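So the sequence lines, in the order shown, correspond to chains A and B. If you're matching positions, the first sequence starts at 4 in the numbering used here and goes up one per residue. If you're matching positions, the second sequence starts at 129 in the numbering used here and goes up one per residue.
Treat each hint with caution, since some may be false.
[Unchecked claim] Straight-line distance between alpha carbons at most 27 Å, and here's what the computed BS3-like set of lysine-lysine pairs gives:
no.: 1; chain 1: A; residue 1: Lys-54; chain 2: B; residue 2: Lys-331
no.: 2; chain 1: A; residue 1: Lys-103; chain 2: A; residue 2: Lys-54
no.: 3; chain 1: A; residue 1: Lys-108; chain 2: B; residue 2: Lys-209
[Claimed, not checked] Using C-beta positions, here's what the derived DEER-type ranges look like:
no.: 4; chain 1: A; residue 1: Asp-123; chain 2: B; residue 2: Gly-390; range: 46 to 52 Å
no.: 5; chain 1: A; residue 1: Arg-128; chain 2: B; residue 2: His-135; range: 32 to 38 Å
no.: 6; chain 1: B; residue 1: Arg-137; chain 2: A; residue 2: Glu-45; range: 20 to 26 Å
Quick caveat, the hints were computed from the structure, so don't treat them as lab data. As the structure is a prediction and not an experimental result, all values here were calculated from the model. Cβ coordinates follow ideal geometry from the N, Cα and C atoms, glycine included.
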Amino acid sequence: MSTVSRTAKSTKSGVAGVVNSSPGAVHIPMKDAADYVDMSDEVLLAKIAEKDRLALGALYDRYGRRVFALSARMLNDPQASEEVTQDVFMSVWRRVTSYKPGRGKVTTWLFSIAHNRTIDELRKRLRDRSRENQNIDDHVNIKEETALPAEQVIAQSEFDMVKEAMQRLPEEQRRVVEMSYFGGYTQVEISEMTGQPLGTVKTRMRLALRKLREALTDRIASSD
Amino acid sequence: MNPNTDHGRLFESLPAYVLGALEPEERTELEDHLEGCPLCTSEYDDLAEAGMMLALNVPPKEPPSELRGTLLDAIRDDEAKIAARESSPVELLPQPSDVKPSRRFGWATGFHARYAAAAAVMIALFAVSLSTLLSNGTLDERVEELESQVSSEATIVSSIANTVMDVSLDAEESETTIQTVSRLAIANEQLQEALQTSMVMQKAASQPTARTAVLEKSDGSTDTFGTLVAGHQTSTRGQMMIQGLDPSPPGFVYQMWMTIGGVPRNLGTFHVNEMGYVFVELTVPLFTSQTLEGAVTIEPGGGSMRPTGAEILRLSAP
Numbered sequence: 004m005s006t007v008s009r010t011a012k013s014t015k016s017g018v019a020g021v022v023n024s025s026p027g028a029v030h031i032p033m034k035d036a037a038d039y040v041d042m043s044d045e046v047l048l049a050k051i052a053e054k055d056r057l058a059l060g061a062l063y064d065r066y067g068r069r070v071f072a073l074s075a076r077m078l079n080d081p082q083a084s085e086e087v088t089q090d091v092f093m094s095v096w097r098r099v100t101s102y103k104p105g106r107g108k109v110t111t112w113l114f115s116i117a118h119n120r121t122i123d124e125l126r127k128r129l130r131d132r133s134r135e136n137q138n139i140d141d142h143v144n145i146k147e148e149t150a151l152p153a154e155q156v157i158a159q160s161e162f163d164m165v166k167e168a169m170q171r172l173p174e175e176q177r178r179v180v181e182m183s184y185f186g187g188y189t190q191v192e193i194s195e196m197t198g199q200p201l202g203t204v205k206t207r208m209r210l211a212l213r214k215l216r217e218a219l220t221d222r223i224a225s226s227d
Numbered sequence: 129m130n131p132n133t134d135h136g137r138l139f140e141s142l143p144a145y146v147l148g149a150l151e152p153e154e155r156t157e158l159e160d161h162l163e164g165c166p167l168c169t170s171e172y173d174d175l176a177e178a179g180m181m182l183a184l185n186v187p188p189k190e191p192p193s194e195l196r197g198t199l200l201d202a203i204r205d206d207e208a209k210i211a212a213r214e215s216s217p218v219e220l221l222p223q224p225s226d227v228k229p230s231r232r233f234g235w236a237t238g239f240h241a242r243y244a245a246a247a248a249v250m251i252a253l254f255a256v257s258l259s260t261l262l263s264n265g266t267l268d269e270r271v272e273e274l275e276s277q278v279s280s281e282a283t284i285v286s287s288i289a290n291t292v293m294d295v296s297l298d299a300e301e302s303e304t305t306i307q308t309v310s311r312l313a314i315a316n317e318q319l320q321e322a323l324q325t326s327m328v329m330q331k332a333a334s335q336p337t338a339r340t341a342v343l344e345k346s347d348g349s350t351d352t353f354g355t356l357v358a359g360h361q362t363s364t365r366g367q368m369m370i371q372g373l374d375p376s377p378p379g380f381v382y383q384m385w386m387t388i389g390g391v392p393r394n395l396g397t398f399h400v401n402e403m404g405y406v407f408v409e410l411t412v413p414l415f416t417s418q419t420l421e422g423a424v425t426i427e428p429g430g431g432s433m434r435p436t437g438a439e440i441l442r443l444s445a446p
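Pulled out of the complex, with its shape left as it was, chain B reads as follows (with noise of 0.2 Å):
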């Protein structure tokens, strides 16, 4: 490694900084660098694993018997400050109620239409993304058909947050535009994250030993669906996206679950986002069968040992 280049320099510096041996501006330096750099990335990982050792040289030590109470109180004051900063949310689809018609442009009105437009843009992504990921071709021509599409449609999003910010010429309106461009915003960044999203989803499948399956309603009705990638025999990491989605009920939580052995094992339990989106790592049994199975319940907030709630997605392989 050549300790010349800002990354030699950097990954010279990784265990002075396992040690806690850097100042704190070269710590926010690596810190930065780590987040793109998947060579330092897998040698920190492994130098701190001997970093945690040192902290096990130390026998464990009773702490204040208070302070297990004190912690959790403090952490319940965090959660109701959050709420009250939360209790007034945007909510991203306009009522009727909340846009005033335009008496010149009627752009408001066509808002909605426009809105729409921007949540069908989260679906067809979405349809593109599955689509791809079941594909055959190389990784590099699905990476490039899901940036082109995604290209095209940011720029709608785009375009349709610049033409009401021109259309807007009055203080009474003035007010609704803000509101409105700010939901766009909204809608563009988590279109932006489920690219990302997809083309985390993409690399993964591409593993020699990935399994790739989809997320179904038993129904067939396919206005909710996703897909699941899992490493087979070799690797516990996992993916999972979902769109369309209801968000779950208040005290409720999406669970998945997959099936080993005609045993039920819990990946994790899950939230979606307003337009009904969720992307979620997963750590996934090891498995040796060639099919996937599984499926999504809805269950008490927390979560449960075993299903216990209705069944909203089914997991099968393709």
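Same shape as in the complex, but just chain A (with noise of 0.2 Å):
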């Protein structure tokens, strides 16, 4: 039986470690699970537009606490938190050539699905209840759980960074910033229940997000 090596060779006449192989050639399948782990999440991405399972599992694997968590921190339901995660995923699977490479990272745009999809189950809920006698709190406050162990020092570095930065907004930014991002509500009812004005509202949003990007360049830059 003829086989075709996966070891990179240079042939004469082709380019540099393609292996020609004969008709009758055996091609090995990349079907173990394993092979996926330290592959980066835009070769991921495109294994899974070309619809392989495996791919997806393994961005799941990656970051399904994540959006888990972000789910479940926003509704304060496990059960619908579940179901916000698997139509997150569901939407990366049909939805993956709407990703554009040259325009962002892997992770803002499945935490921009994650987040829409979570928003749009937190409001469908609201408005269920009268929001006259909701807390605010109930939503917005930002409560400190145990990250997993295998990953508590990555994610606790991270979680540090971010709750630092949050920490530096001046209160009333950080405030619009909790309220739309965790509590889901729209600009417009946060004027309305800040009784400021929605420019005021608008320009504390914008001057929050420049702060918490700026606080992300700042740590790219010392970790270079």
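Make the complex out of the two chains shown on their own, each in a separate frame, by following the hints.
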């Protein structure tokens, strides 16, 4: 039985590393989940675009806890968060081509999908209740939870960085970020609830995001 | 930024969009605007990075262990439904037995030649794209040349469809006519897509640091060829289009490789459409040499970590 080596070789006539195979060559399929562990997010998405379910499983293994945690944090309902998490990864499967590599990280795209889906679910729930009787802090207080041991070092580092950046924001800016991002309130609703003009709310949102972005940039620069 | 204009108002809404603080209809309006506004897109990309940080403000939490299996089962079901819907695909090029010759006009028989002309249009368009991509002249001149070429070729396809509609007079032929026009519509859409992607590649190739390379068969035949445009030193964005490839066999994909320092780097896998055409955007590793080398190989579904299959096309700088 003829086989094809998976070791890269240089060939005189072909491109370096490309091994020409005979028509009857036996190909070794890459179907071992362990092969996906070291792949970059971008490569995983490329494979998902090719309808590779193992690649989606690998992406889920990498970010499923994050997506579930964000949804659980906002909805405070484990069962609904489970459904949202499944929907998010189904969206990744179906809409993977909407990711544009030149426009940002995979995680930015993924968490944007997760946040939008959770916001939709949150608002659907909030519509059924009178917001007049709700305590805003039910949704906007940051609760510290314990990360999994295996991820604790990296997750804690990221968490500490973001937490510090959030704490550095002026109170009024932090408040509009928490009410919108985690609470699901629109800018108009925040304006009404806080008694601040809509323009002021918009300005606080922009300033807050700019400061968070600067904190991220500083962190990248200091880690280089 | 003037908030009194639509653009100004939408630009001012970007932070709220990132934070999820827009009403659904506002969100839709902004997303439509983002499709065609580079300034807002750039601002959004910047702010979105900060939005991602907020998601990191929540420590990871373990979902129920069965969720992973449920998700993969749901995807399998989803794929099965799609496969069932596509189990009777429309064959792009009709076989002789598919189309009954017309007793009066013989247009259906003539359709083969006309449809072959539409396919030839694709090939001609691609040849023009390739030559203009590699030619001298300003970007505007090259784009104008492309537009002129595609405009006339698209008119040909459109007139074929009209002719087919006009000569179909009885009920027996009407169903075949609908199928024929549908196929022409597909060809026309693919033609338009080819135009759009050619524009993208023209613009990418005009960047000062861009490098353009050709993909050719090693035996020198010219029925299959393509181009790759990649940034040089400064960008990881790249675009590739190929014309004339046979569809990959079931269970296999085409895979693009770029050789850097003698080592093949995976640029991703792809399939071609029914007309053997593909355009893909790639993430290309930063490279410092002036030359571009690589290959397209055929690989098992999902792709390979290293090239294992036959070399289909070779990439080289002209």
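Here is how each hint holds up against the structure:
no. : hint                                : verdict
1   : A:Lys-54 <-> B:Lys-331              : violated, 30 Å
2   : A:Lys-103 <-> A:Lys-54              : holds, 17 Å
3   : A:Lys-108 <-> B:Lys-209             : violated, 31 Å
4   : A:Asp-123 <-> B:Gly-390: 46 to 52 Å : holds, 50 Å
5   : A:Arg-128 <-> B:His-135: 32 to 38 Å : holds, 34 Å
6   : B:Arg-137 <-> A:Glu-45: 20 to 26 Å  : violated, 34 Å
Hint violations for this structure: numbers 1, 3 and 6, all remaining hints satisfied.
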